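As a plain string of letters, each chain reads:
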Amino acid sequence: MSTMNPVALLLRNPREVARRCLEEEGLRPLALASLGAVAFGAAVFGGVVGSFRGGEQIVFAATKVPVALLGALVICIPAFHAIAAALGRAWPLRSVIALTLAAAGRASLVLLASAPMLWLAYDLGLGYHASALAATGAYGLAGLAALGVLIRGLGRSKHAFTTAIAFVAVFMAAAGQTGWILRPYLVRPQSEEVPFLREIEGGFADAVYRSSRSTAGIYDSVQAWDPARASSVRARR
Amino acid sequence: MSLVDLTVIYAVVGMGCAAVVYRRSQGSPRRRLGSAALALPLWPIWAPIALLPDAAPRTHVGQRRAADRAERIEAELDQAVSAAIDSPFEVLLPRRAADRIRDEVRDALRRIGELEAVLEEPGFDRARAEERVVELSAGQASKRALKTAVLHRDSVARIEALRDRQVRALEELGELVGALRSQLVLARYAGSSPEGVGGIITEMWTRVESLSEVMDAHEQPDAA
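So the protein sequences, as listed, match chains C and E.
Numbering follows our numbering, with no gaps: position 235 of the first sequence is 235.
Numbering follows our numbering, with no gaps: position 22 of the second sequence is 22.
Keep in mind that the hints were calculated from the coordinates and are not lab data.
Note that the structure is predicted; figures quoted are calculated from it, not measured.
Any given hint could be a false lead.
Claimed, not checked - Computed Cβ-Cβ distance ranges for the label pairs, DEER-style: (1) E/G27 to C/A207: 44 to 52 Å; (2) E/V12 to C/I200: 19 to 27 Å; (3) C/S212 to E/S2: 24 to 32 Å; (4) C/G137 to E/S2: 20 to 28 Å; (5) C/G137 to E/V4: 33 to 41 Å; (6) C/P29 to E/I85: 49 to 57 Å; (7) E/V8 to C/H159: 20 to 28 Å; (8) C/R210 to E/L51: 37 to 45 Å; (9) C/E56 to E/E131: 49 to 57 Å.
C-beta: ideal position from N, C-alpha, C; glycine also.
I would like the entire structure built from these sequences, with the hints used as guidance.
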C-alpha cells in the first residue's frame, strides 16, 4: 500500500486512488483531501478568471467556481451510482462518491496549476474572447485529468467505455446548468456594475441551442434599435 | 418549485444530516464539529463518507486459504502434543518444539500475506508485465527498455513463485502434522512403531526449515 499523502496520490498515482476508492480503503482522508483540493484549486482559478474584470468580481468568481463544481457533483453522484450499477458495477455509494470526489480533486489541482499561466496571459493583455477560450482550455485539461481517475476506476472490463461516456455526459449537463445558474465569471473590464448572479433566463441547454443558431447566422430575437444604447456601447469600446 | 424553495429544503436536510454526523462521528469535539460543518452544505457526498466505516481489509483468496490451513495445523499440533504427553513419544514432540513450529507457521502466513499484498500493487501484475514485454518487442523500443521490461517481468514471476512455494510448504507441513497427530493418537491407544513417528517428525522438521527459507536468488522461477 502506498504511504504517499492523499494530495500527492491524486496527482501522481490515479491508479492507486481508484483502487482505494473501490476497495473502500482510507476513504475519509482521501475524500477530505479531494474536497480541499476542489475548494482551494477551483477558488484560485475562479479568482484568476474574475481578475479579468478585477474588483469584487475576483471574490465573486472565487466563490462561485468551487460552488458550481461541488453543486454539479452533488447532482451527479446518485446518477453515477445508478449508471455504474446498471452497467455491471454494483459499487457501494461510498466508492462512487470517493471516486468522483477524487476525480474532481485532481481536476481542481490542474485548474490550480493552470491559474498562473492564465493570470499571466490576462496581464499581457489577452482579449475577452481569447480569455474565455483560454479558461475553457484549462477546464478541458482539468476534465482530462479527472477522466484519468475515472477510467482507472472503471478498468478494462465490459461496458467501461459506455460507463465513462455516460458519466461525462451527465457531468457535462449538470455542471453546465450549475455553472449557468451561477454566472457571470468572466466579465468585461468596462462593465460598471457586476451582479453576483445574473437573472435566470432560460437554461444551459437553451443557451447552447441559441448560440449554435447564432453561429449559423440565425437570430431568434432581434432587439429594437436604441440609439442611446448604441452610443453607450460605442463609447465603451 | 423555485430555486429558493429547493435551497431551503436542501439546507433543512443538511442541518439534519449535520446533527446526525456530529452525534455519530468519533474523535475530538473539534473534529466532529468540522465533520458536521462539512455535512451541512455537502450532505449528499459527505454524510456517507463520514457515517459509514471503511470496508474491512480484504483478504486475498490465497492468503485466506493459507490462513485456514495454518489454523488447522495449529489445532492438529495441539492434539498431537496432547496425545504425546506422558507417552514414550513426548521426547520427540515436546511442547517447546510445538511452540516453535507454531511460530514458524505464523511467520510463513505473514510472509504469504505480504507477498500477496505486493502482487496486488499496481505494476506487479504479471500479465501486464508480460504484455509490456510483447509490446516493446513488437515496437521500436530500444534494447535497454526491452531488457528492463524483461527484468521487471521476471522479478514479478519470481515473487509469485516465492509466494507459491510458501503456500506449498505450508500445505505439506499441514499434511505431516495431520499424519503425526493420527500416529500419536493411534500409538497412545493401540501402540505403534516409534520408527514411524520418528520418520514423520524428521520430515516435519525439514518442512519447518523450508518454511523460513528465502528463495535462492539464482533459482529460476517455476513458471517464468
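**Study point:** Hint check against the structure, violated hint numbers in rising order
**Key:** Of the numbered hints, 4 and 7 do not hold.
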